[in-house]
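Those letters in the sequence shown? Residues 0 to 293, by numbering that gives the first Met the number 0.
FYI, nobody ran anything at the bench for these hints, they're computed from the structure. Glycine included, each C-beta is placed from N, C-alpha and C at the ideal position. Please note: incorrect hints may appear among the correct ones.
Claimed, not checked - Result set (DSS-like, lysine-lysine): computed pairs, CA atoms no more than 30 Å apart in a straight line:
| no. | residue 1 | residue 2 |
| --- | --- | --- |
| 1 | Lys12 | Lys48 |
| 2 | Lys125 | Lys48 |
| 3 | Lys72 | Lys12 |
| 4 | Lys48 | Lys239 |
| 5 | Lys125 | Lys12 |
| 6 | Lys72 | Lys48 |
What the hints assert, rightly or not - FRET-style restraints, in silico, Cβ to Cβ:
| no. | residue 1 | residue 2 | range |
| --- | --- | --- | --- |
| 7 | Asn287 | Gly18 | 21 to 31 Å |
| 8 | Ser260 | Arg121 | 17 to 27 Å |
| 9 | Arg249 | Ala209 | 36 to 46 Å |
| 10 | Asp100 | Thr226 | 12 to 22 Å |
| 11 | Gln222 | Glu51 | 20 to 30 Å |
| 12 | Gly29 | Val259 | 33 to 43 Å |
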Amino acid sequence: MTVAPDLLPYVSKEFSTSGQMLRYLDEGTGPETLLCVHGNPTWSFYYRKIVEQFSPRYRVIAVDHVGCGRSDKPPQNEFPYTLASHRNNLVALIDSLNLDDITLIAHDWGGAIGLSAMLERREILKRIVLLNTGAFPPPYLPKRIAACRIPLLGSLGVRGFNAFARAAITMAMSRNALTADVARGLLAPYDSWQNRVAIDAFVRDIPMSASHPTHEPLAQLEQQLPTLATLPSLLVWGMKDWCFRPECLRRFQAAWPDAVSVEIPDAGHYVIEDAPEETLQAISTFLNQPQSTC
């Protein structure tokens, strides 16, 4: 796995959980923590600009879920690769690091993972920043993702040809195109059939029916969203996202009427990559606001 050192000049730390080694970036020593949780098919690399800009003032932690980034990538018979398992790992890491005053920053599947984890540690969650994500069961996801779940053929495409991650390099952008170095960085951990195990598992963990085991945890998470409405929240959305479309933003706005929303009309799913100036400025402005005492 090779990433240009000028793009990601940070050494990952290690945390043993669920019999696997989870790795994460941990930069800065400020009293408040920005906890960055990625989705599929990215990794902590996606948050490198957050780390660079905010680690002088905050402690910035960017997790690599098991199966992703620099973390271990065990086969599916050794790790379940479910929303619940990733949530439990994140809660364990939070407890191990004795974190406090957390601002959750989450993207894609990281929204469901991060929010469900923080609901278990509600007393230390101070603010929420969501970037093109969801925290509720489908049917908001497009049918083209369902195609990746076709038995045998889906895994052949996702794991054999890296079709899901490679497609995201272009489809998750709208305003701009990723540079070659950044594209290589996003793809770097996922360079073999075995190393794409989590990408495939994430897709299969999407509960397309009520009988899917992850449907109930997601439904419960959606029901609990209004309990977070008193927290300062920022919703930054690339409105050209074909996956977590504007309707997902509207559902968060309905649950959190006082949330600050920044809609970027021509940005896609990888909003930090597609509209970095607007995204980072929105987060900076939000973090500079006095915290609520609620």
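Hints, one by one, checked against the model:
no. : hint                          : in the structure
1   : Lys12 <-> Lys48               : 18 Å, holds
2   : Lys125 <-> Lys48              : 22 Å, holds
3   : Lys72 <-> Lys12               : 16 Å, holds
4   : Lys48 <-> Lys239              : 21 Å, holds
5   : Lys125 <-> Lys12              : 24 Å, holds
6   : Lys72 <-> Lys48               : 25 Å, holds
7   : Asn287 <-> Gly18: 21 to 31 Å  : 41 Å, violated
8   : Ser260 <-> Arg121: 17 to 27 Å : 23 Å, holds
9   : Arg249 <-> Ala209: 36 to 46 Å : 22 Å, violated
10  : Asp100 <-> Thr226: 12 to 22 Å : 19 Å, holds
11  : Gln222 <-> Glu51: 20 to 30 Å  : 37 Å, violated
12  : Gly29 <-> Val259: 33 to 43 Å  : 22 Å, violated
Hints 7, 9, 11, 12 from the list above are not met by this structure, while the remaining hints are.
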